[in-house]
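S.K.: If you want the building blocks of each chain, they are given just below.
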Amino acid sequence: MGQFIPGPMPGPPEFIQGLRGPPLEFLAIELVYFLVVAGLCLLIYFKTKEIYRISQHRGIFYFRNIFLFFALAYLFRLMGVGLIMLDDPVALEIPRMLYQASLFLAGYFGTMAILCLAMAMLIRNVKKESKNAYYALHGIALVLSLLIATERSSSALLAMQTAILACALLIFFIKTRGKKASGFSQNKITYLLLAIFWIINLLAFSRIPMELKIPLYIISAGIFLSIFLRVRKRLSTNGKKKKPA
Amino acid sequence: MAKKRNRLEIIYEMLKIVRESHNSIRPTPLLRYTNISSQSFSEYYRELKEKGFIREEFDTKGRKFVSLTDKGFQFLDKYNLIRGFIKEFEL
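For the protein sequence lines, the chains are A and B, in the order given.
Heads up: the first sequence begins at 195 in the working numbering, then just goes up one per residue.
Heads up: the second sequence begins at 47 in the working numbering, then just goes up one per residue.
The reader is advised that the hints may include incorrect statements.
[Stated by the list, open to error] Below, simulated DSSO-like cross-link-like pairs (lysine-lysine); rule was C-alpha separation at most 30 Å, straight line: (1) A:LYS382 <-> A:LYS325; (2) B:LYS50 <-> B:LYS95; (3) B:LYS133 <-> B:LYS107; (4) B:LYS95 <-> A:LYS243; (5) A:LYS382 <-> B:LYS110; (6) A:LYS325 <-> B:LYS107; (7) B:LYS110 <-> A:LYS427; (8) A:LYS325 <-> B:LYS110; (9) A:LYS382 <-> B:LYS133; (10) A:LYS325 <-> A:LYS369; (11) A:LYS241 <-> A:LYS382; (12) B:LYS95 <-> A:LYS382; (13) A:LYS382 <-> A:LYS407; (14) A:LYS243 <-> B:LYS50; (15) B:LYS117 <-> B:LYS133; (16) A:LYS241 <-> B:LYS124; (17) B:LYS50 <-> B:LYS107; (18) B:LYS133 <-> B:LYS110; (19) B:LYS124 <-> B:LYS107; (20) A:LYS241 <-> B:LYS95; (21) B:LYS107 <-> A:LYS241.
[Stated by the list, open to error] Partial pick of chain A residues on the chain B-facing surface, computed with a CB cut under 7 Å: (22) ILE248; (23) SER249; (24) GLY253; (25) PHE255; (26) ASN381; (27) ILE383; (28) ILE412; (29) ARG428.
[What the hints assert, rightly or not] Quick partial rundown of chain A residues pointing at chain B, CB under 8 Å, derived from the structure: (30) VAL230; (31) ALA232; (32) ILE245; (33) GLN250; (34) HIS251; (35) PHE257; (36) ARG290; (37) GLN294; (38) ILE317; (39) ARG424; (40) LEU429.
Note that these hints are calculated values from the structure, not bench results.
Beta carbons are placed, not taken as given, at the ideal position from N, Cα and C, and that holds for glycine.
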C-alpha cells in the first residue's frame, strides 16, 4: 500500500495575494510626512482665523485657504500612495475605485490650493475682485479633477497642475510688469516652492524609490514649518513694538 | 505729496474717526474727515455696514448716526497686528 503523501498546501486565493502590502517602514514614513505637513497646514489655518474674522481681508482669506486645501490634498495623496503600494491593486475592484477617488480628491484639493496660492500672490494687483471669483476657482478645479479621475492617470494630474501653476506665474508677471513691487520676493519664492513641492509629491503616485522621496519630504516639511513659525511669530507679537532700552 | 492710502488704511481711518467722535457721527462729516471721493466713500461705507463693522442709529428727529460695532472696535485694536501680517506675507 502506498504511503499517502499530502500534496502542496493550497496558497491563499489569488485575489488576496495582492494584499501583501508594502514594508511597514514605507507606510510609516508616508504617514509621518502626512501628519507633519497636514498638522502644520491646519495650525496655520486656525491661527489665522481670528485676524480674518476681524479684517475680512481677501488676501488673508486666500492665504488661509492655501493651507486648508493642502491639508486635504495631502490626506487624499496619502490614501492614493497607500493603494499604489499594494502589489496588485488593479485586481481588486474596491481599491481601484478608492484609487480613482483619491486621484480625484487629491487633484481637486491640490488644484484649489494652487489656485488660492495664485490669488494670494495676485490679490494686491487686483482692483476689485469679482464676487463669484472664488466659486469660479472651485468650478475650474472640479472640472479638471473630474477629467483627470476618469483618465485614472496620475501623470495627467501632474501635467494639469503644472500647467495651472505656469498660467498663474504668467498672469503674475503680466500683472506686475513695470510695477514697483514686481519680481520675486522671499514670500513669492516660498509660495512657489509650496506649489512646486506639491507637484513633485504627485510623483509619489508613481513608484519612485524611497531614497528619492525622503529628501523631498524633508525639504517640503521644512518649507511648511518655516511658514508656520513666521505666522506664529507675527501673530504672537500682538502688534506690540519693542521699546528701546 | 501724501502717499496714497490702501484699502485697509482707509477702513482704519474711517473707523478711527467714528471712535474719536465719541462713537457717534453723521455720515456727511465722516465723509469730509475721511478725505476720499463720495463714490469711494459710499463703497467703503456699504462694505463696512455689510461686514458688520459699523451700524446706523437714528435719533428722535430721524437723523442718521454711524457708530462702531464690537467688530469695529476689535478691528481698531488689532489693526497693527493685521497690517503687520499682511505686510509680512505680501497679501
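S.K.: Decide, hint by hint, whether the structure agrees.
M.R.: For each hint, the structure was consulted:
1. The suggested pairing of LYS382 of chain A with LYS325 of chain A holds, with an alpha-carbon distance near 25 Å, which does not exceed 30 Å.
2. At roughly 24 Å between alpha-carbon atoms, LYS50 of chain B and LYS95 of chain B fall within 30 Å of each other, so this suggested pair holds.
3. A distance of roughly 45 Å separates the Cα atoms of LYS133 of chain B and LYS107 of chain B; the hinted pair therefore is violated under the 30 Å criterion.
4. Note on LYS95 of chain B and LYS243 of chain A: the hinted pairing holds, with a Cα-Cα distance of about 21 Å set against a maximum of 30 Å.
5. Only pairs whose Cα atoms come within 30 Å are accepted, and LYS382 of chain A paired with LYS110 of chain B is rejected, the gap being roughly 45 Å.
6. The hinted pair formed by LYS325 of chain A and LYS107 of chain B fails the criterion: a straight-line CA distance of about 37 Å is larger than 30 Å.
7. As the CA atoms of LYS110 of chain B and LYS427 of chain A are separated by approximately 42 Å, the hinted pair breaks the 30 Å bound.
8. About 29 Å separates the Cα atoms of LYS325 of chain A and LYS110 of chain B, which keeps this hinted pair within 30 Å; it holds.
9. In summary, the hint linking LYS382 of chain A to LYS133 of chain B is supported, as the alpha carbons are separated by about 13 Å, within the 30 Å threshold.
10. As the CA atoms of LYS325 of chain A and LYS369 of chain A are separated by approximately 20 Å, the hinted pair is consistent with the 30 Å bound.
11. In summary, the hint linking LYS241 of chain A to LYS382 of chain A is supported, as the alpha carbons are separated by about 21 Å, within the 30 Å threshold.
12. Restraint check for LYS95 of chain B and LYS382 of chain A: not satisfied, since their Cα atoms lie roughly 33 Å apart, outside the 30 Å limit.
13. The straight-line distance between the Cα atoms of LYS382 of chain A and LYS407 of chain A is roughly 25 Å, inside the 30 Å bound, and the hint therefore holds.
14. A hinted pair counts as satisfied when its Cα atoms are at most 30 Å apart, and LYS243 of chain A with LYS50 of chain B qualifies at roughly 29 Å.
15. A distance of roughly 22 Å separates the Cα atoms of LYS117 of chain B and LYS133 of chain B; the hinted pair therefore holds under the 30 Å criterion.
16. Restraint check for LYS241 of chain A and LYS124 of chain B: the C-alpha separation of about 14 Å stays at or below 30 Å, so the hint holds.
17. Restraint check: the Cα-Cα separation between LYS50 of chain B and LYS107 of chain B comes to about 38 Å, which exceeds 30 Å; the hinted pair is violated.
18. Among the hinted pairs, LYS133 of chain B with LYS110 of chain B is inconsistent with the structure: their alpha-carbon atoms are about 36 Å apart, more than 30 Å.
19. The straight-line distance between the Cα atoms of LYS124 of chain B and LYS107 of chain B is roughly 35 Å, outside the 30 Å bound, and the hint therefore fails.
20. Distance hint between LYS241 of chain A and LYS95 of chain B is fulfilled; the C-alpha atoms sit about 26 Å from each other, no more than 30 Å.
21. Annotation: proposed proximity of LYS107 of chain B to LYS241 of chain A is violated, straight-line Cα distance about 46 Å (limit 30 Å).
22. Taking 7 Å as the C-beta cut-off, the interface hint given for ILE248 of chain A holds, the closest approach to chain B being about 5 Å.
23. The closest approach between the C-beta of SER249 of chain A and any C-beta of chain B is roughly 5 Å, which is under the 7 Å cut-off, so the hint is satisfied.
24. Taking 7 Å as the C-beta contact cut-off toward chain B, the hint placing GLY253 of chain A at the interface holds, the least distance being around 3 Å.
25. Violation of the interface hint for PHE255 of chain A is found here, the shortest Cβ-Cβ separation to chain B being roughly 9 Å, above the 7 Å cut-off.
26. With 7 Å as the threshold, the beta carbon of ASN381 of chain A comes within range of chain B, its nearest partner Cβ sitting at about 5 Å, so the hint holds.
27. A least Cβ separation of about 11 Å between ILE383 of chain A and chain B goes past the 7 Å threshold, and the interface hint is therefore violated.
28. Checking ILE412 of chain A against chain B: minimum C-beta separation of about 24 Å lies over 7 Å; hint violated.
29. Because the beta carbon of ARG428 of chain A sits about 5 Å from the nearest beta carbon in chain B, less than 7 Å, this interface hint is met.
30. This hint is violated: VAL230 of chain A has a C-beta 21 Å from the nearest C-beta of chain B, more than the 8 Å allowed.
31. Using the Cβ-Cβ criterion of 8 Å, the hint placing ALA232 of chain A at the interface with chain B is not satisfied: the shortest such distance is roughly 21 Å.
32. At its closest, the beta carbon of ILE245 of chain A sits 5 Å from a beta carbon of chain B; the interface hint therefore holds under the 8 Å criterion.
33. The interface hint given for GLN250 of chain A holds, since its Cβ lies 5 Å from the closest Cβ of chain B, which is under the 8 Å cut-off.
34. Taken as an interface hint, HIS251 of chain A checks out: its beta carbon lies about 6 Å from the nearest beta carbon of chain B, inside 8 Å.
35. Of the supplied interface hints, the one on PHE257 of chain A holds, with its beta-carbon coming within about 6 Å of a beta-carbon of chain B, less than 8 Å.
36. Hint status for ARG290 of chain A relative to chain B: violated, with the closest Cβ pair at about 41 Å, above 8 Å.
37. For GLN294 of chain A, the interface hint is violated, the least distance from its beta-carbon to any beta-carbon of chain B being 36 Å, above 8 Å.
38. Hint status for ILE317 of chain A relative to chain B: holds, with the closest Cβ pair at about 7 Å, below 8 Å.
39. Against a cut-off of 8 Å between C-beta atoms, the interface hint on ARG424 of chain A holds, since the closest Cβ of chain B lies about 7 Å away.
40. Hint on LEU429 of chain A holds. Least Cβ distance to chain B is approximately 7 Å, under the 8 Å limit.
The structure is inconsistent with the numbered hints 3, 5, 6, 7, 12, 17, 18, 19, 21, 25, 27, 28, 30, 31, 36, 37, although it conforms to all the rest.
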